[in-house]
Amino acid sequence: MEAVDPVIFRLAIFVLAVFVGYYVVWSVTPALHTPLMAVTNAISSVIIVGALLAATATAGGGGEAAAAAAGEGGGAGFSRLLGFIAIILASVNIFGGFLVTQRMLAMYKKKER
Amino acid sequence: MSANLAALLYLGSGILFIMALRGLSSPETARQGNFFGMAGMAIAIVTTLLAVNLDFLSIVLIIGGVAIGGVAGAVIAKRIPMTAMPQLVAAFHSLVGLAAVLVAAAALYAPEAFHIAGPLGNLKTLSLLELALGTAIGAITFSGSVIAFAKLNGNMSGAPILLPARHLINIGLGVFIVIMIAFLMASGGDAKLAFWLITITAFIVGVTLIIPIGGADMPVVVSMLNSYSGWAAAALGFTLENTALLVTGALVGSSGAILSYIMCKGMNRSFISVILGGFGETGDAAADAGPQGTAKQGSAEDAAFVMKNAGKVIIVPGYGMAVAQAQHALKEMADILKEEGVDVAYAIHPVAGRMPGHMNVLLAEAQVPYDEVFELEDINSDFSNADVAFVIGANDVTNPAAEDDPSSPIYGMPVLQVWKARTVFFVKRSLGSGYAGVENPLFFRDNTMMLLGDAKKMAESIVKSLE
Numbered sequence: 844m845e846a847v848d849p850v851i852f853r854l855a856i857f858v859l860a861v862f863v864g865y866y867v868v869w870s871v872t873p874a875l876h877t878p879l880m881a882v883t884n885a886i887s888s889v890i891i892v893g894a895l896l897a898a899t900a901t902a903g904g905g906g907e908a909a910a911a912a913a914g915e916g917g918g919a920g921f922s923r924l925l926g927f928i929a930i931i932l933a934s935v936n937i938f939g940g941f942l943v944t945q946r947m948l949a950m951y952k953k954k955e956r
Numbered sequence: 010m011s012a013n014l015a016a017l018l019y020l021g022s023g024i025l026f027i028m029a030l031r032g033l034s035s036p037e038t039a040r041q042g043n044f045f046g047m048a049g050m051a052i053a054i055v056t057t058l059l060a061v062n063l064d065f066l067s068i069v070l071i072i073g074g075v076a077i078g079g080v081a082g083a084v085i086a087k088r089i090p091m092t093a094m095p096q097l098v099a100a101f102h103s104l105v106g107l108a109a110v111l112v113a114a115a116a117l118y119a120p121e122a123f124h125i126a127g128p129l130g131n132l133k134t135l136s137l138l139e140l141a142l143g144t145a146i147g148a149i150t151f152s153g154s155v156i157a158f159a160k161l162n163g164n165m166s167g168a169p170i171l172l173p174a175r176h177l178i179n180i181g182l183g184v185f186i187v188i189m190i191a192f193l194m195a196s197g198g199d200a201k202l203a204f205w206l207i208t209i210t211a212f213i214v215g216v217t218l219i220i221p222i223g224g225a226d227m228p229v230v231v232s233m234l235n236s237y238s239g240w241a242a243a244a245l246g247f248t249l250e251n252t253a254l255l256v257t258g259a260l261v262g263s264s265g266a267i268l269s270y271i272m273c274k275g276m277n278r279s280f281i282s283v284i285l286g287g288f289g290e291t292g293d294a295a296a297d298a299g300p301q302g303t304a305k306q307g308s309a310e311d312a313a314f315v316m317k318n319a320g321k322v323i324i325v326p327g328y329g330m331a332v333a334q335a336q337h338a339l340k341e342m343a344d345i346l347k348e349e350g351v352d353v354a355y356a357i358h359p360v361a362g363r364m365p366g367h368m369n370v371l372l373a374e375a376q377v378p379y380d381e382v383f384e385l386e387d388i389n390s391d392f393s394n395a396d397v398a399f400v401i402g403a404n405d406v407t408n409p410a411a412e413d414d415p416s417s418p419i420y421g422m423p424v425l426q427v428w429k430a431r432t433v434f435f436v437k438r439s440l441g442s443g444y445a446g447v448e449n450p451l452f453f454r455d456n457t458m459m460l461l462g463d464a465k466k467m468a469e470s471i472v473k474s475l476e
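Residue numbers (my numbering), protein chains in the order written: chain A, 844 to 956; chain B, 10 to 476.
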């Protein structure tokens, strides 16, 4: 049998994470559904990882052949621009999302007895 | 840093994100959960920065980008009023969607930066599929969220906008996207135009998908877009071969899907029927045909007198409370009643308001203890023991027709059985019908008293009468 393509491992991680998400989210109390949306928003901004890679693209990053095949030659510069904008957008979400979640959660208080 | 170590750290940050959501199972652990989320994000960012080659320009771009975005995000988070939370969440979704589009484009133009280029600098066919899906879902999330924001924020009417042959248009656009994805994959990534056509078409789909959906269906839409932003992130997680992104995308995707399901169940409607839109378009006709009767009107003094002498009062808030920002006045009223020895509880319908958990956040903002606030299943049987059901700004979620009139458009929807209480007070601006033009027969019952007026002013005058 030939070796398993690494894509299959990623697919496995993904599918298992969907199941984990399913059970974890069902256990979230309905009173906290709004903070849940805010915090999922914040964590989905981990897409900033891709934005950081884009912002650090260099023309010769993958060797001469790669740079040439990337086409216009301006690929790296364009990638940096896209990365920069994506970093801004994702940062708004990361800071905004976590802070607004924190602000909301701070309001949930128990009865004083 | 070695690639293996980086992969393990990304896994760690994925686990911290799981713990962040796990914390939300109770308000006591939720704050700690939020810190886990922040830690996971910090680990993911630092790991990436240690793995890339930083030159001067990229350092400037990164620090500049984080500073601009971070300050903007922090200021928004601090200043936003709690009543604006639904539109804020919609706006945040749109940013995730757009970021996904930009990252997908960057991966297409500079694959070597993402370590996904083949020996000739070409992208693998599978990578092309992943980033095409990432940009398509991201673009739908972006434009759909912009429309949802405009509807929630009042920049746009909440009424459904129905294009002629809208289902055909959507199907046509969808087919076009699929063809372009196939074209992009066949070209080995050289057909940059196909990529942009996918993106632009998906932007249009986001608009045509959301405009026919009415304001009261927004809880489903916001949850659905939440889910989409997750799937877009997951698609790019495959492209970038990044575990943190994969796990997060899966978590967020399933979270939004579950919330959509809960909201649909709360309205007894199928997800498909909500997405197809147009609910309530025949509202006017239904309202005219509805049974008219005479409703008893009461004053704030009447309500104050009855509630002061009650043993148990259950408050049912709805979107009207959010619009009038009546939660603080309501809390004041409840406090006085409690001092008088009245047992006060709050009953929340799953689709009350414009997003999941909307009412809970507003009550928490007014410092209502969360253990006085109950979900539908937990409190519905208590209405028969209650002396007063105080409905403020809600309508359809209390409509008995949902239980006993099979011809009603909302038949089968779970409702709060407020009519079982000895007296029902309805704080409402008018006797008008609710969403979808459904008449509420409760208004005309003997034990119902209508308190017509703005929710906040009414709550304030009741407070005055109680004092």
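Worth flagging that the hints you see were computed from the coordinates, not collected in a lab. Idealized CB from N, CA, C, for every residue including glycine. Errors might be hidden in some of the hints.
[Stated by the list, open to error] Okay, the calculated bits of chain B under chain A, using three or more residues with CB under 8 angstroms as the criterion:
| id | segment |
| --- | --- |
| 1 | 24-37 |
| 2 | 41-55 |
| 3 | 77-91 |
| 4 | 100-114 |
| 5 | 257-270 |
| 6 | 363-377 |
So, going through the hints one by one against the coordinates:
Using a Cβ-Cβ cut-off of 8 angstroms, 9 residues of the segment 24-37 of chain B lie near chain A, which meets the minimum of three, so the contact claim holds. Counting residues of the segment 41-55 of chain B whose beta-carbon sits less than 8 angstroms from any beta-carbon of chain A gives 8, enough to reach three: the coverage restraint holds. Counting residues of the segment 77-91 of chain B whose beta carbon lies closer than 8 angstroms to any beta carbon of chain A gives 12, which meets the minimum of three for the stated coverage. Taking a C-beta to C-beta cut-off of 8 angstroms, the segment 100-114 of chain B contributes 10 residues in contact with chain A, enough for the three needed, and the coverage statement holds.
For the segment 257-270 of chain B, the stated coverage by chain A holds: 11 residues have a C-beta nearer than 8 angstroms to a C-beta of that chain, and at least 3 were required. For the segment 363-377 of chain B, the proposed coverage by chain A is satisfied: 9 residues have a C-beta within less than 8 angstroms of a C-beta in that chain, meeting the threshold of three.
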